[in-house]
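Residue-level listing of the chains:
Protein chains: 2
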Amino acid sequence: MNAANPVNPATLNPDSRVVAIDIGGTLTKIGLVQASGTILEVEVLETHARQPFARFKDRLAAVLGRMRQQSGQQPPLAIGVGAPNASAEAGTMVTPPNFGWGPEIPLVRTIQEIWDLPVILTNDANAAALGEFRFGVARGMQHFVTLTLGTGLGSGIISHGKLLTGHNGMAGELGHLNVYPEGRQCNCGLKGCLETYASVTGIRRTISELIAERTEPSALRGVSFEQLTGAAISRAALEGDRLALEAFRITAEILGIKMADMVAHLDPEAFVISGGLSQAGDILLEPLQASMERKLFPVYRGKVKVLVSAHGSQEAVLGPAALAFAQLEAALEA
Amino acid sequence: MNAANPVNPATLNPDSRVVAIDIGGTLTKIGLVQASGTILEVEVLETHARQPFARFKDRLAAVLGRMRQQSGQQPPLAIGVGAPNASAEAGTMVTPPNFGWGPEIPLVRTIQEIWDLPVILTNDANAAALGEFRFGVARGMQHFVTLTLGTGLGSGIISHGKLLTGHNGMAGELGHLNVYPEGRQCNCGLKGCLETYASVTGIRRTISELIAERTEPSALRGVSFEQLTGAAISRAALEGDRLALEAFRITAEILGIKMADMVAHLDPEAFVISGGLSQAGDILLEPLQASMERKLFPVYRGKVKVLVSAHGSQEAVLGPAALAFAQLEAALEA
Chain A
25 MNAANPVNPA TLNPDSRVVA IDIGGTLTKI GLVQASGTIL EVEVLETHAR QPFARFKDRL
85 AAVLGRMRQQ SGQQPPLAIG VGAPNASAEA GTMVTPPNFG WGPEIPLVRT IQEIWDLPVI
145 LTNDANAAAL GEFRFGVARG MQHFVTLTLG TGLGSGIISH GKLLTGHNGM AGELGHLNVY
205 PEGRQCNCGL KGCLETYASV TGIRRTISEL IAERTEPSAL RGVSFEQLTG AAISRAALEG
265 DRLALEAFRI TAEILGIKMA DMVAHLDPEA FVISGGLSQA GDILLEPLQA SMERKLFPVY
325 RGKVKVLVSA HGSQEAVLGP AALAFAQLEA ALEA
Chain B
25 MNAANPVNPA TLNPDSRVVA IDIGGTLTKI GLVQASGTIL EVEVLETHAR QPFARFKDRL
85 AAVLGRMRQQ SGQQPPLAIG VGAPNASAEA GTMVTPPNFG WGPEIPLVRT IQEIWDLPVI
145 LTNDANAAAL GEFRFGVARG MQHFVTLTLG TGLGSGIISH GKLLTGHNGM AGELGHLNVY
205 PEGRQCNCGL KGCLETYASV TGIRRTISEL IAERTEPSAL RGVSFEQLTG AAISRAALEG
265 DRLALEAFRI TAEILGIKMA DMVAHLDPEA FVISGGLSQA GDILLEPLQA SMERKLFPVY
325 RGKVKVLVSA HGSQEAVLGP AALAFAQLEA ALEA
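These protein sequences, in sequence, are chains A and B.
Just so we're aligned: 332 in the working numbering is position 308 of the first sequence, and the numbers increase by one with no gaps anywhere.
Just so we're aligned: 200 in the working numbering is position 176 of the second sequence, and the numbers increase by one with no gaps anywhere.
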């Protein structure tokens, strides 16, 4: 974690607050969050990730400037930031996919120029894991794994009560576990990565495959690949569309097997599932838990919970807020 | 880790010593080891795992009694024990495969009755990881994975400089990662587990499969499955036997893919390979590293070392010795 300014609060109480910024490819959420987990306010910006970074900076500065003016008696103590492909050590985003901001974006320095507070950065998936640990359904769990099933598959690992970061700070890229050595082409250059099957994009590809292979009628045959959303597939499944249901079954089967592998590594207490695909509810979760249980090494059976995140899209700021509070606490203990 | 007696040395120096016991299905090694890593003596017993535990206890007591008599001015400070299926919390071995000692063997209590020292127990694979961390090729590495390719596939994970134990103390069962959902029957009840391919037993099964599928001549066609040892397969491969070489290629291919998955979880600095199959040297290691690299997510490429353990079979006591020293240090720090 990066903190160019010393993080040095006199004390923390439930009313202590931080600024939390969640940068996504489409939307950026900027919030003011209390140590209790209460979100005092959230502002949502369109990221416009394909436009120059300088424009994003100007719009971000406008929001942060207004927040600073209004902070009054209770100024925030730090700024936590979650962003795709963020390097905590360097304080930068490194060639994030789908962004036109350049190869290395100096996020920490930029934000500090706007508001001279300690700025702590980590990648969005790790921030989400910290958010679940401090404020979410995994509160207090010492060992769990978050899986965000969105455009890709993001993951964060909490082990022994801490973010597992690894030798290069790059642990927990579970979207790139290998399902089939010669499977679907992934954006990362490999073939058969888990996120090409178990994500919103993955289930869309599965639908296309099923349309090619099968003959039964389906509402999804009338929708182009580009227009096929996770919500449309979920809706079709809820209405009993056999193709959509089969796509969920296949997705759950594949992800469940890899979750059993994750358990054999990490022995977690729980998985916390979030992202667009998790909105399908039991249509995904029931076959997912069943597939995982079938492939669990016997000592783990019946011991691993599969939970759905209670954090909605607006609450994405809880991840970077948790990051900032963890850093503040570490500074207090030191 | 279990220490029924308080571990409370006044100080530790390079000459401080512990008793280290490595219990295997065939042999049990009992050693006296200095904090410097010097093994002062090792005694090897046949375990006779199918005979009653009481007999093992008597023979163990004879060795420990003699050691105690001879310890003189420099008595050992603790006893570290590594054993299959050991539960560190309970201080017992729980239904170890291939043992006829009963469902739960009170190892810590038994050893303490023989010699009233702090007794610390963990499973053999975790002890091996601690041995590499303190005394072996992974000395000082904060993140690495040990893979012992013997009768089965044993594994231990060091993450952030500590043994990764997980929620139930059962993390790191990497021999039971799933390779093929409907693959080879494993002793654990599952199908397609990694150890049914990547172990001495696994490569013997691969040889049998190749004998069935192919027609080229091979010295191994004259050997029964029961007589087919890892050493015989290695020897044949070194002599250019095409069937044996193909078996190593297949083993390396499968294990390399799963090692890439381990990296995507843990981002380790290195793997440390040991056990019978590692004696084949580059015949295994070169295709293994190549297979792993091909399947690594790009950010990890070229960063993960594949090392062979320098610990021979006699040095198996270094694992439980490292366990005991780690516990002594923790007690000193507390």
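Hints should not be assumed to be uniformly reliable.
Same chains, same names: a pair is fine if it fits in one copy or spans any two.
[As the list claims (entries may be wrong)] Here are the simulated DSS-like cross-link-like pairs (lysine-lysine), alpha carbons at most 25 Å apart as the crow flies:
1. K186 <-> K215
2. K186 <-> K327
3. K81 <-> K329
4. K327 <-> K215
5. K329 <-> K215
6. K186 <-> K81
7. K215 <-> K81
8. K327 <-> K81
Since the hints were made in silico from the structure, they are not lab data.
Hint-by-hint comparison with the structure:
1. Taking identical chains as interchangeable, the C-alpha atoms of K186 and K215 are never at most 25 Å apart, the minima being 31 Å within one chain and 33 Å between chains.
2. In this assembly of identical chains, K186 and K327 lie within 25 Å of each other by CA distance both inside one copy and across copies; the values are 21 Å within and 23 Å between.
3. For the homomeric pair K81 and K329, neither the shortest alpha-carbon distance inside one copy (41 Å) nor that between copies (40 Å) is at most 25 Å.
4. Within a single copy, K327 and K215 get their C-alpha atoms only as close as 32 Å, which misses the 25 Å cut-off; across copies the closest is 20 Å, which meets it.
5. Proximity of K329 and K215 under a CA criterion of 25 Å is satisfied inter-copy only: 23 Å between copies versus 30 Å inside one chain copy.
6. For a Cα distance limit of 25 Å, the shortest separation of K186 from K81 qualifies neither inside one copy, at 31 Å, nor across copies, at 41 Å.
7. Proximity of K215 to K81 under the C-alpha cut-off of 25 Å is found in neither arrangement, the shortest distances being 36 Å within a copy and 53 Å between copies.
8. Taking the shortest alpha-carbon separations for K327 and K81, neither the intra-copy value of 46 Å nor the inter-copy value of 34 Å comes in at or below 25 Å.
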